[in-house]
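*Asks:* Given next are the chains, with one letter for each unit.
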Amino acid sequence: GAGVSQTPSNKVTEKGKYVELRCDPISGHTALYWYRQSLGQGPEFLIYFQGTGAADDSGLPNDRFFAVRPEGSVSTLKIQRTERGDSAVYLCASSLGQPITGELFFGEGSRLTVL
Amino acid sequence: QKEVEQNSGPLSVPEGAIASLNCTYSDRVSQSFFWYRQYSGKSPELIMSIYSNGDKEDGRFTAQLNKASQYVSLLIRDSQPSDSATYLCAVLGGSQGNLIFGKGTKLSVKP
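Protein sequence lines, in the order shown, are assigned to chains Z and L.
At position 10 of the first sequence (counting the first as 1) the number is 10 in the working numbering, and the numbers step up by one without a gap.
Heads up, the working numbering is the position in the second sequence plus 115, with the first residue counted as 1.
To be clear, the hints were calculated from the coordinates, so they are not data collected in a lab.
All residues carry an ideal CB built from backbone N, CA and C; glycine is no exception.
Treat the hints with care, as some may be off.
Stated by the list, open to error - Pairs of lysine-lysine, DSS-like flavour, derived with a Cα cap of 27 Å: (1) 157(L) - 78(Z); (2) 11(Z) - 157(L); (3) 78(Z) - 171(L); (4) 78(Z) - 117(L).
Unchecked claim - Negatives, chain Z to chain L, calculated, CB over 12 Å: (5) 2; (6) 11; (7) 27; (8) 28; (9) 70; (10) 71; (11) 76; (12) 78; (13) 81; (14) 85; (15) 87; (16) 89.
If we strip away everything but chain L, and leave its shape as in the complex, we get (with noise of 0.2 Å):
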């Protein structure tokens, strides 16, 4: 059973902070993955994926990925009180090409 963890949360950080969102998956052969953000009653939109280990950057958003570890965080640097919603974790798994979400943090940025 393929599976992707993430910490429920809620997260809260203070306006202007950074905030550290991590995931851990279990299937070694996966080589893709993305962070989804869901606003409450919205649907998931992706922000930010990431392939290669090491840090990508878009913006106020950083992914980093940890292949070894099978670890995925984001880092979101000056948090904003529009950030908060939830952030899904998802990896592409093998070669079946269905991707496979955690449960997601909940984080909320406090003004």
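Pulled out of the complex, with its shape left as it was, chain Z reads as follows (with noise of 0.2 Å):
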């Protein structure tokens, strides 16, 4: 497909458990962002890479959360020891990335389930 791909669509993991999410997003797109949405909550801006640097990450709420994005193209979110509190959905999204526009496309997202 011609979409934004994330997998895996579920993960159900135990507290204090490694996670990796990853993200492929449209060919060409230079812009991918990661969001997390929360129940009844509109996304939450994580981090957003523009090629394979991180050109914002103050989104991500600690050291436990880390992204890369080594090639330019697919992206992979990584969370160290969950907490129950990062269940949430794990929201991908690219762009064109030049000139930088709010004009995303999302993936369908990864509902993440800390037990």
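Hints in hand, dock the two standalone chains.
*Replies:* Below, the structure written as structure tokens:
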């Protein structure tokens, strides 16, 4: 498909475990975003990549969260020592990137449940 | 802290009526504003963008922007039950490129 692809769609883990969430953006999109969304809330910004570099990681809540995009395409969001409060839907989005616009294309999300 | 504020609703309107959704934002340097629609259990999708003061119309949707008042609104004319969703206001902040979302307003259009 031509859309943003996220895997896994659902992840259930235990408190304290390590989790990786993957995002494959639309081909040619240089900008990639990670958001998380809790029930009844809007998407909360985590990090934004322009190419391989993190242009803005000010939304990462603490040092347990880390994201990479080594080749400027696929990105992985990594969460260490998961806590119950990390349970949410993690949304990835991409955009053309230049110029910077707010026209984001979202994937279907990865639902993380921490027991 | 850049903030985008929306009334969470729910906003209930009868079919055929006009639905009015409102949003305020805190960052005066913001230049770009967006409305996303999110159906229950689905991801947000862009429906409108607006960059200049005034109105922008696209079919049954009209976005309105007033930068002096830091206010954005979305009007949906001839509302349909298929418009029932959560509407997210989003603001592109400064030069950083990150898009900040409000909590969303849940709209219910009753047949």
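*Asks:* Which numbered conditions among the earlier hints are violated in the structure presented, ordered from lowest to highest?
*Replies:* Hints 3 and 16 are the ones this structure does not satisfy, whereas the remaining hints hold.
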